[in-house]
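*Asks:* Listed below are the residues making up each chain.
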Amino acid sequence: MTEHIDVSDPRLTEIIIKSKWMRRRAMQMVHSKKLGHIGGDLSATDIVATLFFGVMSYKPSDPLWPGRDRFVMSKGHATGVLYTALCSAGFFTEDWLETYMMPGSKLNGHPNRNYLPGVEANTGPLGHGFPIAVGMAVASQMSGSQYRTFVLTGDGEQQEGSNWEAAMTAGHRGLSSLTLIIDRNRLQQGAPTEDTVGLDPLDDKYRAFGWEVIEVDGHNHAQLLEALGTPHGSGKPRCVIANTVKGRGVSFMENKAKWHHGVPNNEEFHRAMEELGQ
Amino acid sequence: MNAIEKQAIRFDCRKAWAKTLEALAAEDERIVAVVNDSVGSSNLGGFRDAFSDRLINVGIAEQNMVGVGAGLANGGKIPFVSAASCFLSARALEQIKADIAYSEYNVKLVGQSSGVAYGELGATHHSIEDFAWLRALEPLTVIAPADPWETEMAVRWAAEHDGPVYLRLSRMGVPDLGADANGEYRFAPGEARLMRKGSDVTILAAGTMVHLALEAAELLSATAISARVFSVHTLNPLDESAVTAAATETQAIVTCEEALVRGGFGGAVAELTSANTPVPVERVGFKGFQTTGPVDWLFAENAMTPTGIAEAAHRAIARKAA
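Each protein sequence line maps, in turn, to chains Y and G. 177 is the number that the working numbering gives to position 177 of the first sequence; each next residue is one higher, with no gaps. 97 is the number that the working numbering gives to position 97 of the second sequence; each next residue is one higher, with no gaps.
If you're looking for bench data, these hints aren't it; they were derived computationally from the structure. By construction, the Cβ of each residue, glycine as well, lies at the ideal position given by its N, Cα and C atoms. Some hints could be false.
Stated by the list, open to error - If you anchor each label on the Cβ, the simulated ranges turn out as follows:
hint	chain 1	residue 1	chain 2	residue 2	range
1	G	ALA90	Y	VAL263	30 to 40 angstroms
2	G	GLY76	Y	GLY229	20 to 30 angstroms
3	Y	GLY104	G	PRO237	22 to 32 angstroms
4	G	ALA50	Y	VAL263	54 to 64 angstroms
5	Y	GLY90	G	THR248	47 to 57 angstroms
What the hints assert, rightly or not - Pairs of lysine-lysine, DSBU-like flavour, derived with a Cα cap of 30 angstroms:
hint	chain 1	residue 1	chain 2	residue 2
6	Y	LYS59	G	LYS97
7	Y	LYS20	Y	LYS33
8	G	LYS97	Y	LYS106
9	G	LYS97	G	LYS197
10	G	LYS97	Y	LYS34
11	Y	LYS258	Y	LYS205
12	Y	LYS106	Y	LYS258
13	G	LYS197	G	LYS287
14	G	LYS287	Y	LYS33
15	Y	LYS258	Y	LYS34
With the hints as extra help, turn the sequences into a complete structure.
*Replies:* Spelled out as C-alpha cells, the structure:
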C-alpha cells in the first residue's frame, strides 16, 4: 500500500506509520491465536488510527481522566484494531497483545472496560455502542465539558434498531460533540449488506434524522483527519460514512465475506504480511 | 391515630421515590433522570419542573434509554433510568446485561408499576419475570421496597452506592409498616428487615407482599402458630444468614412475592436452602402468565392473600421432618 503523504501535516505521517503497524500486529494476533475478526479489523484500521493518533485527547497514564475524548468501539468484535490502537497509544504494554483471547486474558474476544484501560464500554452485541455514546455526549452537553465522543459502528450493524433510536435522540438534542463513524465496507458476516437488508441511502437517512453527513474514503487518512478532526459548526451531530474495503491491505482478503472471521493458514499469513509491508 | 387505623391507610411508594429523588437532586447535581416518555408514570413531574435540564426523555426507546444511562454514568452523572418495569426489564434486557451489569456502570434502573400493577392491561404489561431475569445478573443489586420508608431508604442508598442497582417499585397502595418499630434495624441492602418474631415457620416476603405476610402471621397466631416475618427487600444479594437462620430455627419457610416464583424470589430461597439447610419451602406468587383482571382479583386467584399465605405456612409446617 502506498499513500501520498501530506508533509504539511506531521500527524499524517504518524497515522500512516501506526496504521501499518496495527494491521501487521492484528494479523499476527489472529494468525497465532487462530481467532478474531481480521476482515473488519483491516477495514477499520485507518479510521481508528486517525482517531487515536491524529484527533483524540487522552492520557494513557490516567485512563479515566474526565476531560478525555471518548471512543466507543461499537463493532466490538474488531478487537484486533482496538487492542493494537490502545497498545500503541500507551494504555498497556505490547506483551499484553500476546495474551489475545487466551484463557483468562484481559484481552477478551470482545472488549471489557473493567479489565482493560482505555476501553469505554463492554460492547459485542451489536447496536449497543451508539446509545452509550449518545449518553456520553449528553453528559458532556449538560456539564459544559469540552470532550468529544466518537462511536464506530459496522455498516451491517446499522440494521439493529437501537441505532435509529440513538440517532433520533442525538438529532433531536443537537449533540454537536458526537461523531458517528460508519465503517461502510458493504459486507456483513455472510453476504453484502445490500443483498441482506439494504442500507442505502445511508446519507439521506442520517440527514433526515437531523445529522450532518460527510462521506469519505475510509482509507484516506487526510480525508479522515479532515472529517473527524474538525469541530462541528452546524449544531448537529456528525455522521461520517467511511467507505472502506473489508480486508483492506491484503489482496486475497479484500471484499471477501469469508474473511469476516476467517483465520489465515501459515502460507496465507506470510503472503499477507508481505503485502502489509515492513 | 391508632396502629390499626394507620395500617388502613395505603401509600403509593412512587411518591416517596419522587420526593426522595428531588431532595437528593437538590443536593447533588450529578443526579439526572432518564425516561422513556414516562414522566407521569414515574411520578417525575416535580423533578421535571425543578430540574428540567436534568431530565432526559429519550422517547419511547427503551434500549436507547438504558444505553444512554451507561453513557451518562461514563460522563460522571448518576443516572436514575425510570420506566414501567415491564418495558425496562424486558425490552432492554440485553442492554441491562451488557451495558449496565457486565460493564458495572453506576446506573440506577427504576422499574415502575412492577408486578401486576397494570392488572387489566394483561400479561404484556405485567412485570413478574423481572426478579428471575435480573437477579441472575450478579453485580446488579436488586431491591423491592415494601413501604414508603424502605423506598426512601433504597433511593438514598442507591444514590450513594457506586454500582448498578435495580429498584423495583409498585404503584399499588401499601401501608406504612412503621419505621419507628424497627428498633436497632437500619436499612442496608442484603440485610432483611425483621418485622415479627416467631419460631414455628418463617415467612419471607418481598415488596408489596410484606403487609399481607404480616396479616397472615396474625391469622396463624390465632391457631397458635408463631410465624417469623421478614421484609426481604433485597433479592440480590440475598440475606443468606437470615434465610439460613430461618431454616435452622423454624424448619419451615414460606416465600411471598408479586412475581413468578419460578426463578424469582422463591426460587432464590429454594436454591439457597436446598444447598445448605434443606427444609420445606412453600412459594407464594405467580405460576405463569396472568389473565386480565384487577390487582386484588389477580392476587386472590393466586392465593396471594393473608389466608393463602397462612395456608402455605400450614403446608410447610406439615412437611417438616418428624
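*Asks:* Is the distance from the Cβ of GLY104/Y to the Cβ of PRO237/G consistent with 22 to 32 angstroms?
*Replies:* holds (25 angstroms)
*Asks:* Verify the proposed pairing of LYS258/Y with LYS205/Y, using a straight-line Cα cut of 30 angstroms.
*Replies:* Measuring from Cα to Cα gives roughly 29 angstroms; hence the hint holds.
*Asks:* Does 47 to 57 angstroms hold as the CB distance between GLY90/Y and THR248/G, or does it fail?
*Replies:* holds (55 angstroms)
*Asks:* Keeping to a limit of 30 angstroms between CA atoms, is the pair of LYS97/G and LYS197/G held or broken?
*Replies:* violated (38 angstroms)
*Asks:* Given the hinted pair LYS97/G and LYS106/Y, is their alpha-carbon gap at most 30 angstroms?
*Replies:* OK: LYS97/G and LYS106/Y at ~19 angstroms, within 30 angstroms.
*Asks:* Against the range 20 to 30 angstroms, how does the distance between the Cβ atoms of GLY76/G and GLY229/Y compare: consistent or not?
*Replies:* Between GLY76/G and GLY229/Y, where Cβ atoms are some 25 angstroms apart, the hint holds.
*Asks:* Hint check: LYS258/Y vs LYS34/Y, CA-CA at most 30 angstroms. Holds or violated?
*Replies:* holds (15 angstroms)
*Asks:* Are the Cα positions of LYS287/G and LYS33/Y separated by 30 angstroms at most?
*Replies:* Answer violated: LYS287/G to LYS33/Y is near 47 angstroms, above 30 angstroms.
*Asks:* Taking 30 angstroms as the top limit, are the C-alpha atoms of LYS97/G and LYS34/Y close enough?
*Replies:* The given pair, whose Cα atoms are some 28 angstroms apart, holds under the 30 angstroms limit.
*Asks:* Between LYS197/G and LYS287/G, is the straight-line Cα distance small enough, at 30 angstroms or below?
*Replies:* Given pair LYS197/G, LYS287/G holds - Cα atoms ~29 angstroms apart, limit 30 angstroms.
*Asks:* Quick one, are LYS20/Y and LYS33/Y close enough, alpha carbons at most 30 angstroms?
*Replies:* Holds, at about 20 angstroms.
*Asks:* Does the alpha-carbon distance linking LYS59/Y and LYS97/G stay inside the 30 angstroms limit?
*Replies:* Status holds; Cα separation ~29 angstroms.
In summary, the structure is inconsistent with hints 9, 14 from the numbered list given earlier, while agreeing with the others.
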